Amino acid sequence: MDQDRCVECFTCYRGLSTEHLNPTMVRTIRKVFGLLRMRFDPEPDVCPTAAIEPQELSWPRIVRRAFSDPLVPHESTGIHGRGTEEVKTNDVTFRVGEGEAGFTIEFGRPTVSTRFSDISKMTEALAKTGVEFETKNPVTHLMPDPSTGRIREDILEERVLSAIVEIKTRMERVPEMLRTVTDVARGLDTIVAIGVSTRCSPEGESALEEVLRREGYPFWRGKTNLGLGRRPAVPEPAPESVSVP
Amino acid sequence: MTNTLHRYGAPETLENDFIVFAMSSRGINDRGSVSKFQEFLSIAQKHNPVNLGDATKGGVFRPSKSLNPLAHWFRKDERDPERLVAHVDQPTVVSAVFDNREALTGFLKEVREADLGLSINISSLTGRADEVAREAGITRHSVEYSLGFFGALDKLPDRATLSLATMCGHGMISFNFAKKMIDWVKEGRRTPKEASTYMARFCTCGIFNTTRSCSILNDCSHRNRG
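Chains as they are written, first to last, in our numbering: chain A, 1346 to 1590; chain B, 9 to 234.
No lab work stands behind these hints: they were computed from the structure. These numbers come from a predicted model, not from an experiment. Errors might be hidden in some of the hints.
Claimed, not checked - Straight-line alpha carbon distances no greater than 20 Å define the calculated SDA-like cross-link-like pairs of lysine to any residue that follow:
1) B:Lys65 / A:Phe1355
2) B:Lys73 / A:Arg1359
3) B:Lys163 / A:Arg1350
4) B:Lys187 / A:Cys1357
5) A:Lys1466 / A:Phe1439
6) A:Lys1513 / A:Val1391
7) A:Lys1466 / B:Phe158
8) B:Lys187 / A:Pro1389
9) B:Lys73 / A:Phe1439
10) A:Lys1376 / A:Val1391
11) B:Lys65 / A:Arg1410
12) A:Lys1481 / B:Phe158
13) B:Lys163 / A:Glu1388
14) B:Lys73 / A:Glu1388
15) A:Lys1473 / A:Pro1520
16) B:Lys65 / A:Tyr1358
17) B:Lys201 / A:Val1391
18) B:Lys163 / A:Phe1439
19) B:Lys163 / A:Asp1347
20) B:Lys73 / A:Thr1394
21) B:Lys187 / A:Asp1390
Taking the hints into account, I'd like the entire structure generated from these sequences.
This is the structure we're talking about:
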């Protein structure tokens, strides 16, 4: 096992079905079949000897698991996976309002993995534009001073399966943010997946679509929050009046 | 569940791929939400979902930790939606995957009537989600668009592999495993359904769409013969 490449997602341990066969017997059968030039066609998701055991992790390596294993909740947010609610609960958190745009900038996805050093390059570039990072986001918790965007030194070389940075801007700044993110992404040794969200009008119209069309970004898939969530006794703040260019 | 956001594929390959998920917000409306999550899943069951999931416990397709060697020839279908519903015991994210618009519409109408108070999201083509929501009498609140992948794109595999692997957005289905399943189907060693089931077992959130996977694998297989 290449310890540097392993992101501690625990999928090998959790995702494989297991038999509990005797390892010596399994090796012997394989050798006999090999000698006879015969091949057994086993189920591809079964470990015959249940040989994989998770290892105890300590800091800073444990960060890998927090960002790679979807069954481990982030301590900072209590959410499993990459630990963000984004606009999925916008109907009760009012995180992104009308005239605003939320960005989810995800590194390492799909299945490619990333290091925090690459994430830090992006967050430092974003910080220079003056945007604020979402406070309820696990990556923000790894910045000693979010105004610089710099991620703490001791984890920069840790590799994780993926991590999400979240920012929020006014709708007018969406083109500028998209340019910044795509420019920085070109210099990174990983994949960057971009999601951008907004609060719809009371009629269900999205002002963001016009902006994305104008900027030439194709979009056809996404997540639609149906607004069925309820936050008892807390009214949604009235949206500010915003002109979208 | 940003894990559902960036599914790869041309719009026409995503027309019948709908993931509906319910979640509460920590510290706001998560208290007493367990029974609501269970009700969401119970309603979903009535509309023939292709997959169901609980983000903390797994989907209906699960690995087994006590197989016997006969499983290589006679593997049981161990899906147990009832167990999945019964085992929801904490605030979580639950999901249901549908492969047709009619089932989704029926489900949404019932969820709306149930008035669970949870945040309900549809991950799909955004235009299609808006249409279906309106049919169910719901006006969307917020929307998040996937703008796709940027950066070191040379690290990505071919279209079919990417389409399969991104159906588990947490990255639990590796490119190599998806490629292997494509090869096995092409070689006739496994059916698309069997290969799809193997991959679905690795998706712990239960959002892998086995119907779409079969369709992708069938296409690969036919292209090989053509």
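Status of the hints after comparison with the structure:
1. As the CA atoms of B:Lys65 and A:Phe1355 are separated by approximately 14 Å, the hinted pair is consistent with the 20 Å bound.
2. About 9 Å separates the Cα atoms of B:Lys73 and A:Arg1359, which keeps this hinted pair within 20 Å; it holds.
3. Straight-line distance between C-alpha atoms of B:Lys163 and A:Arg1350 comes to about 15 Å, which keeps the hinted pair within the 20 Å bound.
4. For a cut-off of 20 Å, the pair hint linking B:Lys187 to A:Cys1357 stands: about 17 Å separates their Cα positions.
5. At roughly 29 Å between alpha-carbon atoms, A:Lys1466 and A:Phe1439 are farther apart than 20 Å, so this suggested pair is violated.
6. Taking the CA atoms of A:Lys1513 and A:Val1391, the gap is about 44 Å. The hint is violated against a cut of 20 Å.
7. Note on A:Lys1466 and B:Phe158: the hinted pairing holds, with a Cα-Cα distance of about 15 Å set against a maximum of 20 Å.
8. Restraint check: the Cα-Cα separation between B:Lys187 and A:Pro1389 comes to about 12 Å, which is no more than 20 Å; the hinted pair holds.
9. Restraint check for B:Lys73 and A:Phe1439: not satisfied, since their Cα atoms lie roughly 42 Å apart, outside the 20 Å limit.
10. For the hint linking A:Lys1376 to A:Val1391, the alpha-carbon distance of about 19 Å falls within 20 Å, and the restraint holds.
11. A hinted pair counts as satisfied when its Cα atoms are at most 20 Å apart, and B:Lys65 with A:Arg1410 qualifies at roughly 17 Å.
12. Restraint check: the Cα-Cα separation between A:Lys1481 and B:Phe158 comes to about 25 Å, which exceeds 20 Å; the hinted pair is violated.
13. As the CA atoms of B:Lys163 and A:Glu1388 are separated by approximately 28 Å, the hinted pair breaks the 20 Å bound.
14. With a C-alpha separation of about 14 Å, the suggested pairing of B:Lys73 with A:Glu1388 holds against the 20 Å cut-off.
15. Annotation: proposed proximity of A:Lys1473 to A:Pro1520 holds, straight-line Cα distance about 16 Å (limit 20 Å).
16. The suggested pairing of B:Lys65 with A:Tyr1358 holds, with an alpha-carbon distance near 15 Å, which does not exceed 20 Å.
17. Between B:Lys201 and A:Val1391, the direct Cα distance comes to roughly 17 Å. Compliance with the 20 Å bound is thereby established for this hinted pair.
18. Of the pairs offered as hints, the one joining B:Lys163 and A:Phe1439 is violated, with about 37 Å between alpha carbons and a cut-off of 20 Å exceeded.
19. Taking the CA atoms of B:Lys163 and A:Asp1347, the gap is near 19 Å; set against the 20 Å cutoff, the hint holds.
20. For a cut-off of 20 Å, the pair hint linking B:Lys73 to A:Thr1394 stands: about 11 Å separates their Cα positions.
21. Of the pairs offered as hints, the one joining B:Lys187 and A:Asp1390 holds, with about 14 Å between alpha carbons and a cut-off of 20 Å not exceeded.
Going through the hint list in order, the structure does not satisfy hints 5, 6, 9, 12, 13, 18.
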